[in-house]
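Protein chains: 2
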Amino acid sequence: MKKINVALLGFGSLGQSFAKLLLEKKDEIEKIYDTTVNVVAITTKTRGNLVDAWGIDLERVLNNIQETGVIPKNNEMMLQRNSLDVAETVEYDVLIEMTPLELAAGHIATNHVMAALKRGKHVICANKGPIAWHYKEIEALAKENNCQFLFESTVMDGTPVFSIVRDNLKLCKVTEIKGILNSTTNYILQGIEQGKTAKEVIAEGKKRGFIEANPNHDIEGNEAAAKMAALANALMGADITPKDIDFTGIKDITKEKIQEASARGNVVKLICRAFNKDGSVQVKIGPEELSKMDVFATVTGTSTAISITTDLMGTMTIIEQSPEIEQAGYGVFADLLTIIKGM
Amino acid sequence: MKKINVALLGFGSLGQSFAKLLLEKKDEIEKIYDTTVNVVAITTKTRGNLVDAWGIDLERVLNNIQETGVIPKNNEMMLQRNSLDVAETVEYDVLIEMTPLELAAGHIATNHVMAALKRGKHVICANKGPIAWHYKEIEALAKENNCQFLFESTVMDGTPVFSIVRDNLKLCKVTEIKGILNSTTNYILQGIEQGKTAKEVIAEGKKRGFIEANPNHDIEGNEAAAKMAALANALMGADITPKDIDFTGIKDITKEKIQEASARGNVVKLICRAFNKDGSVQVKIGPEELSKMDVFATVTGTSTAISITTDLMGTMTIIEQSPEIEQAGYGVFADLLTIIKGM
Chain A
2 MKKINVALLG FGSLGQSFAK LLLEKKDEIE KIYDTTVNVV AITTKTRGNL
52 VDAWGIDLER VLNNIQETGV IPKNNEMMLQ RNSLDVAETV EYDVLIEMTP
102 LELAAGHIAT NHVMAALKRG KHVICANKGP IAWHYKEIEA LAKENNCQFL
152 FESTVMDGTP VFSIVRDNLK LCKVTEIKGI LNSTTNYILQ GIEQGKTAKE
202 VIAEGKKRGF IEANPNHDIE GNEAAAKMAA LANALMGADI TPKDIDFTGI
252 KDITKEKIQE ASARGNVVKL ICRAFNKDGS VQVKIGPEEL SKMDVFATVT
302 GTSTAISITT DLMGTMTIIE QSPEIEQAGY GVFADLLTII KGM
Chain B
2 MKKINVALLG FGSLGQSFAK LLLEKKDEIE KIYDTTVNVV AITTKTRGNL
52 VDAWGIDLER VLNNIQETGV IPKNNEMMLQ RNSLDVAETV EYDVLIEMTP
102 LELAAGHIAT NHVMAALKRG KHVICANKGP IAWHYKEIEA LAKENNCQFL
152 FESTVMDGTP VFSIVRDNLK LCKVTEIKGI LNSTTNYILQ GIEQGKTAKE
202 VIAEGKKRGF IEANPNHDIE GNEAAAKMAA LANALMGADI TPKDIDFTGI
252 KDITKEKIQE ASARGNVVKL ICRAFNKDGS VQVKIGPEEL SKMDVFATVT
302 GTSTAISITT DLMGTMTIIE QSPEIEQAGY GVFADLLTII KGM
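Residue numbers (my numbering), protein chains in the order written: chain A, 2 to 344; chain B, 2 to 344.
Incorrect hints may have been included.
Which copy is meant is left open, so a pair is good if it fits within one copy or across any two.
Under the rule of at most 25 Å between Cα atoms (straight-line distance), these lysine-lysine pairs were calculated in the DSS-like manner [claimed, not checked]: (1) K137 with K32; (2) K46 with K144; (3) K293 with K256; (4) K207 with K293; (5) K197 with K208; (6) K293 with K179; (7) K174 with K32; (8) K32 with K144; (9) K258 with K119; (10) K258 with K200; (11) K21 with K174; (12) K252 with K32; (13) K3 with K32; (14) K137 with K179; (15) K174 with K119.
I should point out that these hints are in silico values taken from the structure, not numbers from a laboratory.
Quick caveat, the model's predicted, so the values are computed rather than measured.
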């Protein structure tokens, strides 16, 4: 049986849901792919780091976090190593970057990714920063070192968006992308349409765990811009960063505007678009009024949607219906299976 | 450069659209996959057959059909061979079955497919008959002979349905399928909703080329049942034929029923469902009343849609927006690229 050593940078809810999948599917991975997955490092920002070449007991770690909030303290603990040290020195085959998104320029995550690729290691990146801000150089480095660089979970969790174009739309050229990609803003717009104020919806969303403590990056459109830069770079051959994107969030959308739209039989949605214009890829993000008969009008709650138009296959729309954190974990898991299959 | 020899059984609009793609993408296939595709046989029911080990000039054949309606007569022509002879004797690497669907039991196409697999040849099947009626035995034969057996274009043209589960939802178990898979009935229901009679819509659809000369198989639900048997067999591990499916078409749907639904804010759609019940896969097809806010309510014209629910990824909905014949040709083309990649 083959063994694949994996280092996990970041171990929040995404990392934990991925770890649960690894445990749950251990036997199937061994049976179908003739491979054991061995987690040799876990790093966190505030809850300690673990390094163990013999393999970390994920069940113990998950239980400990559940009970105490931190990673178990014991022999393997190597606090002196930060996550970049781990990326640069630990012996692993695949680095999985799951640290929190920094919207400014994605430097920390990018450094992790580049450190691994320079060592000839495969990389799975669940952090959209590197793909939004530094895609071209990372992609070039991955090619140069003959490494896989996968990042399915950065847009629409585990819904195959990048891999559908790669695996299932072979030789198709993506000419247009349209999406509702930020569920926080979509949820807020829906709440306002139902007669609540933005403040009320945000408070409710926070309580239910859909909306982050500080949702400004969602509301202002930064999060959607990072996703669209990632999509445009990876699927349309663009070389842009979020700075190049013309984006407006939903800050200026009032109850009155939404009610006026509703009276016309329409809804307001934050629509992301990428398209070719004058020989380059343009990206626009802003609120649009859609007919209630439009497929995007039916995307509510925490669901997200994307339409991908290609030269050979016309327009295909994919909707992820009411995802939970497990679906993001699956995105990382599917990338890992792709790497295992290719080894 | 590798060379792959391909035999095309059936050369109607699907076969021609596939052949056009082969011509159009010749250089890219050579460049990206280091492979030349050589068509060594084309068979048709009434328009002659061609066999040429040196490779048939597709451009000449397409032009000739356009101008005269038949395949060009010349040296390569071997009228004495029928399509089963070709499947059994011609030297090819991949058989592409594109003969018309026989809804009774799919015998002719199944014989072609089995003949190729027995000889250790890969098979692409654009005909849903074999997958609906004889999936288990064909799949077993393919495994035994270490051959690929692909059939992406049988449901929703080239939209990745089978390949998404195979390639992108690795280790996921499909627990439910829901779809609007027959565009003829969907188009008729939409027309009735707009105030036309079924007869008027059918006449209009025939004129515009959406609806076949004899749409009874669509209206009675047979065509949808063949697709659902294929999906249940290939994606849910079922072992069923269309005979095992509880299906109703749209024959009993009247203008009044649709208008009553409309007054309730609903639409009527022919919904296909497959699900696990009492340890086996059940399939049901029949008209259902849906809220206008339902994503399936937005599927109109010639569009089709499928929701695939899995244990690990929840529910994902894929919509093919207003396909043309080119999209079906792409389904066959994508299967061929999958085989080329794996060779």
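For each hint, the structure was consulted:
1. K137 with K32: between (37 Å within a copy, 22 Å between copies)
2. K46 with K144: neither (30 Å within a copy, 49 Å between copies)
3. K293 with K256: both (17 Å within a copy, 23 Å between copies)
4. K207 with K293: Neither: 27 Å inside a chain and 30 Å across chains, both beyond 25 Å.
5. K197 with K208: within (15 Å within a copy, 49 Å between copies)
6. K293 with K179: both (17 Å within a copy, 22 Å between copies)
7. K174 with K32: between (36 Å within a copy, 16 Å between copies)
8. K32 with K144: Result: close only across copies, 18 Å inter versus 30 Å intra.
9. K258 with K119: neither (51 Å within a copy, 66 Å between copies)
10. K258 with K200: within (16 Å within a copy, 43 Å between copies)
11. K21 with K174: between (36 Å within a copy, 17 Å between copies)
12. K252 with K32: Result: close neither inside a copy nor across copies, 51 Å intra and 49 Å inter.
13. K3 with K32: Classified as within: same-chain Cα gap 11 Å, cross-chain 33 Å, threshold 25 Å.
14. K137 with K179: Within one copy, since 22 Å is at most 25 Å while 39 Å is not.
15. K174 with K119: Neither, since 30 Å and 37 Å both go past 25 Å.
Checked against the numbered hints above, the structure violates hints 2, 4, 9, 12 and 15; every other hint is satisfied.
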